[in-house]
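Here the structure of chain A is known, so what remains is to put chain B in place on it, guided by the hints.
From first to last, the protein sequence lines stand for chains A and B. The opening position of the first sequence corresponds to residue 1 in the working numbering, with each subsequent residue numbered one higher. The opening position of the second sequence corresponds to residue 1001 in the working numbering, with each subsequent residue numbered one higher.
Read the hints as simulated data drawn from the structure, not as lab findings. All values derive from a computational prediction rather than experimental measurement. Even for Gly, the Cβ is constructed at its ideal location relative to N, Cα and C. There may be inaccurate statements among the hints.
[As the list claims (entries may be wrong)] A partial selection of chain B residues facing chain A, derived with a Cβ cut-off under 7 Å:
no., residue
1, R1060
2, I1064
3, Y1065
4, W1087
5, T1089
6, R1090
7, L1098
8, L1101
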Amino acid sequence: MTNKFVFEPDLAAKKIYISREFNASIEKVWRAWTEPDLIEKWIAPKPWTAETKILDFTVGGVWLYAMVGTEGHKHWVYAEFTAIEIGSAISTLGMFCDGDGNPVANGPKSYRDTKFLSIEGNRTKVDSVITFEEESTIQMFVEGGFKEGTTMTLNQLEELLASE
Amino acid sequence: MRRDIYQAIADPTRRAILMLLTVGALTPNAIAEHFDSSRQAVSKHIQILAECGAVDQDQRGREIYYQLNIEKMKEIDRWMEAFRKMWETRFDQLDNLLNDL
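Isolated chain A (complex conformation) (with noise of 0.2 Å):
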């Protein structure tokens, strides 16, 4: 069975759409994004693991994780929620972290836009949409220019990469 996964970045827009179905019933996948165990367990690509620190599921509320690395290396991941619709909808915005997980207050910004959907056969499809504030979010990344502490950089994301 496929799990038609799309990747599809729109860089024009500043925006990648993200999809994917899972062989699994929306109740069970709506679980695994929202509680803090069970998101744990599979947010960070292996051998990084993830540890929240803060999961407050309101309007308004943070999401505070961080990826750990093999040597203890931590990753600071900062969300707010922005709307949820139990269920079916969350929409979060992302923001840039120092090395304590503090967010960068004039940082760069992204917002994620995540729907899920009951499909056929007791699926799941989930669709995101990433969209970057400005150009020099993405550039950021590509550069490398958040260095130690803050988040997953190019170098970070191959060296994790050419691990699996």
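Same frame as chain A, but now just chain B:
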């Protein structure tokens, strides 16, 4: 003003210029011939492309040729590929988790 590669591709005329240059280096005049806009407007776009590092200048005699900076354009691809792989891996891990739920 600091410019980046994404500003290069944010504009349809600039994307069209980049497409033209995939075939080979061109002078500003040769580029401008492909557009209805004024030479001046096209020159401005070329200047932005140069500032973004998307194109390089090559002085040949009295003419300046512009060519694609392939390495710079590849930056986008490389990052996108790493990002795509990260999501692919995440989703594969999520499949495993869902099987056990």
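The hints, checked one at a time:
no., hint, result
1, R1060, "violated, 31 Å"
2, I1064, "violated, 26 Å"
3, Y1065, "violated, 26 Å"
4, W1087, "holds, 6 Å"
5, T1089, "holds, 4 Å"
6, R1090, "holds, 6 Å"
7, L1098, "holds, 4 Å"
8, L1101, "holds, 5 Å"
Comparing the model with each earlier hint shows violations of hints 1, 2 and 3; every other hint is respected.
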